[in-house]
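Peer 1: Using the sequences and the accompanying hints, generate a full structural model.
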Amino acid sequence: KAGVTQTPRYLIKTRGQQVTLSCSPISGHRSVSWYQQTPGQGLQFLFEYFSETQRNKGNFPGRFSGRQFSNSRSEMNVSTLELGDSALYLCASSLRQSGQGNSPLHFGNGTRLTVT
Amino acid sequence: GQQVMQIPQYQHVQEGEDFTTYCNSSTTLSNIQWYKQRPGGHPVFLIQLVKSGEVKKQKRLTFQFGEAKKNSSLHITATQTTDVGTYFCAGTIQGAQKLVFGQGTRLTINP
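Quick note, the sequences are listed as chains A and B, same order. Here the first sequence stands for residues 1 to 116, numbered as in the numbering used here. Here the second sequence stands for residues 1 to 111, numbered as in the numbering used here.
Worth flagging that the hints you see were computed from the coordinates, not collected in a lab. All C-beta atoms, glycine included, are put in the ideal place defined by N, C-alpha and C. Some clues are possibly wrong.
[Unchecked claim] Incomplete in silico selection of chain B near chain A, CB under 7 Å:
1) 33
2) 68
3) 94
4) 98
Peer 2: The structure is reproduced here in structure tokens:
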């Protein structure tokens, strides 16, 4: 079974631009969560999608948005990029929605975004 | 807000020494998961604990879930260089549909 696939692996953008990251979950997984990881900051939860609906949202500004398609693939968009948005963005898929049963997260390799 | 606190943030040990990381929540957890992230890699699921007082072992790793389901620990016996990485706990807050990650403990090992 193929794992979680994130594209692109690396991205360099300029302040003010916008970016879209993509995540393909493991086949059969309907939940997709997004996390931001910066050195020393752990995993900061962005949002979770299940069956095309946002189920949970972290404490990030509205510049961060996402969506999920009917095939469970998900995209994350960041508009008006700031230097502080430079980070590793991780996507994770699971069988069930967070909190609904005991379903571990399967992470992708991440997209490393650099904002200059 | 609801948080899961993890300590220590960093731990450096000599190869062969033991290592323990602790996870504490102010509220009761439905379950707790542990993940390992190798340097340059992504978090990989290790184990999940569900029952009060549960203890599970994976070779040199021992995972415990507290009786009150508010704390958990991961203990590694006789560390090896392959144990290097950051260990995260993640708890599901009881009654909330949310998985909350601890800040992680970064383990480095002197060979």
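Peer 1: All the hints need checking, so say for each whether the structure fits it.
Peer 2: Comparing the hints with the structure gives:
Interface hint at residue 33(B): satisfied, since its Cβ lies 6 Å from the closest Cβ of chain A, which is below the 7 Å cut-off. Below 7 Å, beta-carbon pairs count as interface contacts, and residue 68(B) has none with chain A, the closest being about 19 Å; its hint is therefore violated. Because the smallest distance between the Cβ of residue 94(B) and any Cβ of chain A comes to about 9 Å, over 7 Å, the interface hint for this residue is violated. At its closest, the beta carbon of residue 98(B) sits 6 Å from a beta carbon of chain A; the interface hint therefore holds under the 7 Å criterion.
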